[in-house]
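A.B. asks: Could you build all of it, start to finish, from the sequences and the hints given here?
Protein chains: 2
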Amino acid sequence: MTLPIETPAVLVDIDIARRNIRRFQDYADRNGIGVRPHIKTHKLPQMAELQLDAGAIGITCQKVTEAEAMVDGSARIKDVLITYNILGKEKLARLERLNERVILSVVADNQTVIDGLSVHFAHAGKPLTVLVECNTGADRCGVAMPAEAATLARRISDASGLRFGGLMTYPPADGAARVQSFMSEAKRLIEADGLKVPTITSGGTPGMMEAAEAPITTEYRPGTYIYNDRSLVVRGVATWENCALTVLATVVSVPAENRAIIDAGSKVLTSDLLGLSGYGHVLGRDDIRIDQLSEEHGRLVSDGPIGLKVGEQVRIVPNHACVVTNMVDAVHVLEGGKPKGQWPIPARGCVL
Amino acid sequence: MTLPIETPAVLVDIDIARRNIRRFQDYADRNGIGVRPHIKTHKLPQMAELQLDAGAIGITCQKVTEAEAMVDGSARIKDVLITYNILGKEKLARLERLNERVILSVVADNQTVIDGLSVHFAHAGKPLTVLVECNTGADRCGVAMPAEAATLARRISDASGLRFGGLMTYPPADGAARVQSFMSEAKRLIEADGLKVPTITSGGTPGMMEAAEAPITTEYRPGTYIYNDRSLVVRGVATWENCALTVLATVVSVPAENRAIIDAGSKVLTSDLLGLSGYGHVLGRDDIRIDQLSEEHGRLVSDGPIGLKVGEQVRIVPNHACVVTNMVDAVHVLEGGKPKGQWPIPARGCVL
Chain A
2 MTLPIETPAV LVDIDIARRN IRRFQDYADR NGIGVRPHIK THKLPQMAEL
52 QLDAGAIGIT CQKVTEAEAM VDGSARIKDV LITYNILGKE KLARLERLNE
102 RVILSVVADN QTVIDGLSVH FAHAGKPLTV LVECNTGADR CGVAMPAEAA
152 TLARRISDAS GLRFGGLMTY PPADGAARVQ SFMSEAKRLI EADGLKVPTI
202 TSGGTPGMME AAEAPITTEY RPGTYIYNDR SLVVRGVATW ENCALTVLAT
252 VVSVPAENRA IIDAGSKVLT SDLLGLSGYG HVLGRDDIRI DQLSEEHGRL
302 VSDGPIGLKV GEQVRIVPNH ACVVTNMVDA VHVLEGGKPK GQWPIPARGC
352 VL
Chain B
2 MTLPIETPAV LVDIDIARRN IRRFQDYADR NGIGVRPHIK THKLPQMAEL
52 QLDAGAIGIT CQKVTEAEAM VDGSARIKDV LITYNILGKE KLARLERLNE
102 RVILSVVADN QTVIDGLSVH FAHAGKPLTV LVECNTGADR CGVAMPAEAA
152 TLARRISDAS GLRFGGLMTY PPADGAARVQ SFMSEAKRLI EADGLKVPTI
202 TSGGTPGMME AAEAPITTEY RPGTYIYNDR SLVVRGVATW ENCALTVLAT
252 VVSVPAENRA IIDAGSKVLT SDLLGLSGYG HVLGRDDIRI DQLSEEHGRL
302 VSDGPIGLKV GEQVRIVPNH ACVVTNMVDA VHVLEGGKPK GQWPIPARGC
352 VL
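Sequence lines, in order, name chains A and B.
If you're matching positions, the first sequence starts at 2 in the numbering used here and goes up one per residue.
If you're matching positions, the second sequence starts at 2 in the numbering used here and goes up one per residue.
The set of hints was computed from the structure by calculation and includes no laboratory data.
Computed from a predicted structure; not experimentally measured.
Just so you know, even glycine gets a beta-carbon here, dropped at the ideal spot from N, CA and C.
Wrong hints could be hidden among the right ones.
Here are the simulated lysine-lysine pairs, BS3-like style, with alpha carbons at most 25 Å apart [what the hints assert, rightly or not]:
#: 1; chain 1: B; residue 1: 341; chain 2: A; residue 2: 341
#: 2; chain 1: A; residue 1: 127; chain 2: A; residue 2: 90
#: 3; chain 1: B; residue 1: 310; chain 2: A; residue 2: 310
#: 4; chain 1: B; residue 1: 339; chain 2: A; residue 2: 90
#: 5; chain 1: B; residue 1: 90; chain 2: A; residue 2: 339
#: 6; chain 1: A; residue 1: 127; chain 2: A; residue 2: 197
#: 7; chain 1: B; residue 1: 341; chain 2: A; residue 2: 90
#: 8; chain 1: A; residue 1: 310; chain 2: A; residue 2: 339
#: 9; chain 1: B; residue 1: 310; chain 2: B; residue 2: 339
#: 10; chain 1: B; residue 1: 79; chain 2: B; residue 2: 197
#: 11; chain 1: A; residue 1: 79; chain 2: A; residue 2: 127
#: 12; chain 1: B; residue 1: 197; chain 2: B; residue 2: 310
#: 13; chain 1: B; residue 1: 90; chain 2: B; residue 2: 127
#: 14; chain 1: A; residue 1: 339; chain 2: A; residue 2: 197
#: 15; chain 1: A; residue 1: 90; chain 2: B; residue 2: 310
Partial chain B-side listing against chain A, Cβ under 10 Å, derived [to be verified]:
#: 16; residue: 87
#: 17; residue: 91
#: 18; residue: 117
#: 19; residue: 119
#: 20; residue: 120
#: 21; residue: 134
#: 22; residue: 171
#: 23; residue: 194
#: 24; residue: 238
#: 25; residue: 257
#: 26; residue: 312
#: 27; residue: 323
Across the chosen pairs, the derived CB separations fall in these ranges [what the hints assert, rightly or not]:
#: 28; chain 1: B; residue 1: 79; chain 2: A; residue 2: 259; range: 47 to 57 Å
#: 29; chain 1: B; residue 1: 102; chain 2: A; residue 2: 3; range: 24 to 34 Å
#: 30; chain 1: B; residue 1: 285; chain 2: A; residue 2: 120; range: 39 to 49 Å
#: 31; chain 1: B; residue 1: 285; chain 2: A; residue 2: 155; range: 50 to 60 Å
C.D. replies: This is the structure we're talking about:
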């Protein structure tokens with residue numbers, strides 16, 4: 002079926018997105034876990050509203066400007082966690098303005114960040130809530146040991162302008178046991194020091210259906226689950242049928258019997274591999290590999306005749322949905338399988 | 002040195018860019034080759050003007066909307082080649098409007114594209130110039146054999162609304178000999194058929210200083226040469242000192258002695274590897290590897306102590322400059338090593 006949409010284009014099937022939201026919300030509700038979706042996947046206030054409608058307690062953003070775009074875009078977004086170490090005068094000034102508009106919290110994993118936040122918020126009208134980021138195996142940010150988490154919790158609690166909000170981690174997909182042991186020990190130490198630990202927040206779509214295996218978790222921050230992508234299908238946690246985001250492309254050349262070139266390259270599909278080989282899955286064509294991308298061309302190859310014609314459209318599930326929504330100014334929304342219009346993406350490119 | 006710029010940010014040193022432009026223009030002038038820079042690297046009308054000032058004969062774009070953004074952005078851009086097979090009503094209508102404003106040419110490597118162009122331009126006020134794209138080893142688009150090029154040249158020449166403009170190729174880095182043999186044979190066949198071959202255009206920064214080894218080439222389309230990047234330094238065709246584009250980032254966490262996390266991830270540096278390992282080069286720190294990116298975090302590791310502090314800035318030469326300018330709405334221009342202001346990037350995200 003040819004869609005009346007100029008290509009390349011990013012399509013979002015809103016019916017599938019709604020089902021994906023519902024599925025995890027139901028799981029979280031059954032297990033008494035709050036859902037705080039990460040908006041990095043969709044970057045759209047409208048999608049955040051669907052998540053809030055389903056029962057989400059608030060949203061997660063990675064950068065201050067993302068939070069600004071989301072709060073500006075929906076008056077219904079009233080509770081935002083920015084899971085990032087925030088540094089620098091301009092960002093702190095933005096943070097202060099946001100903190101006056103919504104229930105805001107951020108994280109810190111080191112004294113320099115706590116000091117910067119405290120110097121700024123000591124003179125602000127309202128204290129800022131700060132959680133301690135903990136490393137439970139992803140080896141990105143986060144304190145390495147529960148004792149360090151307890152030390153920083155005390156320092157946040159003692160710092161002017163700040164309020165200790167709890168513990169945050171972004172674990173590996175199979176990290177539930179490690180989350181449970183790290184967070185239990187950190188909580189014990191912090192409570193022994195006379196502080197409360199209101200929130201213990203974990204995240205990640207690959208491990209979300211095992212979130213309850215770390216029962217200490219009070220809230221969970223899945224991102225990709227709303228759209229799904231090839232990486233999640235390959236991991237076995239999604240199927241092609243529940244991939245809400247696809248890239249629509251047109252075949253522009255069939256220069257050899259087993260090779261076709263499409264008008265979507267790395268500027269739409271991105272070079273993210275996430276450990277996979279190839280740059281996406283052509284729906285309905287298991288035999289095709291997208292073996293090479295340049296910026297505006299994607300190369301499709303097959304072991305046999307490729308059987309595609311110049312001018313034909315293909316739909317591709319990208320390796321990683323989150324990065325694709327950062328490449329275009331708008332997504333085309335499908336409802337009942339039909340194009341319903343374009344939604345501009347206000348939090349695209351918000352890296353500050 | 003700490004720059005007063007909010008991070009992450011993309012910096013362009015305009016003095017280095019000017020020197021890079023000059024170096025290739027001088028080579029091309031000595032060898033009687035026209036320079037038609039590909040704007041995909043900078044996406045900026047101002048940079049195209051520097052290239053025209055230096056002696057470029059026009060510009061190259063990959064997509065119709067890129068050409069629109071460049072022509073809208075500078076009245077001095079009057080000659081544009083779009084090196085793409087263009088299909089679809091909306092794009093053809095845009096192409097017709099552009100063709101009325103500037104000297105425009107496009108390419109085709111198949112009959113379907115030629116038919117689409119001809120059906121549209123048969124009724125346009127001005128014919129469209131079409132070159133035949135030839136595959137000289139990159140195995141992306143392009144006809145496989147000189148005889149096919151001659152067949153398409155004849156068909157373009159005979160098609161209403163179209164004018165045959167010559168031959169175009171995007172060869173591999175070491176493709177000069179193949180360009181020379183393919184194009185010589187194609188030209189011979191086309192001329193034997195009674196047609197002229199006004200332009201033979203080749204491109205690619207890695208092979209640009211060997212462009213004259215294919216003396217049949219009348220013009221060359223380098224893109225990355227204006228900024229250079231890590232991929233070109235590793236290939237030995239640039240040095241760190243002539244990399245004009247860098248990413249400025251701030252260390253936000255030093256969670257282990259040999260690991261630091263910066264505020265630039267794949268949303269600025271991109272996941273493009275171009276065959277390299279790691280995601281960029283930290284200037285002045287040969288010992289550091291950027292071994293992992295997530296969207297908003299870059300992970301720096303070293304075999305010994307990383308020796309970076311939270312809050313410190315680093316400057317990174319990315320693997321691939323062209324894709325980085327697609328990730329941000331503006332670049333920070335440096336002149337004499339000092340920030341001179343921001344230039345919005347009008348051709349960012351122009352994938353249609």
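A.B. asks: Hint by hint, say whether it matches the structure.
C.D. replies: How the hints compare with the structure:
1. B:341 with A:341: With Cα atoms ~44 Å apart, residue 341 (chain B) and residue 341 (chain A) exceed 25 Å; violated.
2. A:127 with A:90: holds, 17 Å
3. B:310 with A:310: violated, 55 Å
4. B:339 with A:90: Between residue 339 (chain B) and residue 90 (chain A) the Cα gap is close to 20 Å, so the pair holds against 25 Å.
5. B:90 with A:339: holds, 20 Å
6. A:127 with A:197: Between residue 127 (chain A) and residue 197 (chain A) the Cα gap is close to 20 Å, so the pair holds against 25 Å.
7. B:341 with A:90: holds, 20 Å
8. A:310 with A:339: holds, 23 Å
9. B:310 with B:339: The hint holds at about 23 Å.
10. B:79 with B:197: holds, 23 Å
11. A:79 with A:127: holds, 16 Å
12. B:197 with B:310: Status violated; Cα separation ~64 Å.
13. B:90 with B:127: holds, 17 Å
14. A:339 with A:197: violated, 50 Å
15. A:90 with B:310: holds, 17 Å
16. 87: Result: holds, 8 Å to nearest chain A Cβ.
17. 91: holds, 5 Å
18. 117: For residue 117 (chain B), the interface hint holds, since the closest Cβ of chain A sits about 8 Å away, which is under 10 Å.
19. 119: Cβ of residue 119 (chain B) sits 14 Å from chain A, so the hint is violated.
20. 120: Not OK, violated: residue 120 (chain B) not within 10 Å of chain A, min 12 Å.
21. 134: holds, 8 Å
22. 171: Residue 171 (chain B) check passes; min Cβ-Cβ to chain A is 9 Å, inside 10 Å.
23. 194: violated, 22 Å
24. 238: violated, 18 Å
25. 257: holds, 7 Å
26. 312: holds, 6 Å
27. 323: holds, 6 Å
28. B:79 with A:259: 47 to 57 Å: This hint is violated: roughly 41 Å between Cβ atoms.
29. B:102 with A:3: 24 to 34 Å: holds, 30 Å
30. B:285 with A:120: 39 to 49 Å: Cβ of residue 285 (chain B) to Cβ of residue 120 (chain A): about 29 Å, so the range 39 to 49 Å is violated.
31. B:285 with A:155: 50 to 60 Å: This hint is violated: roughly 37 Å between Cβ atoms.
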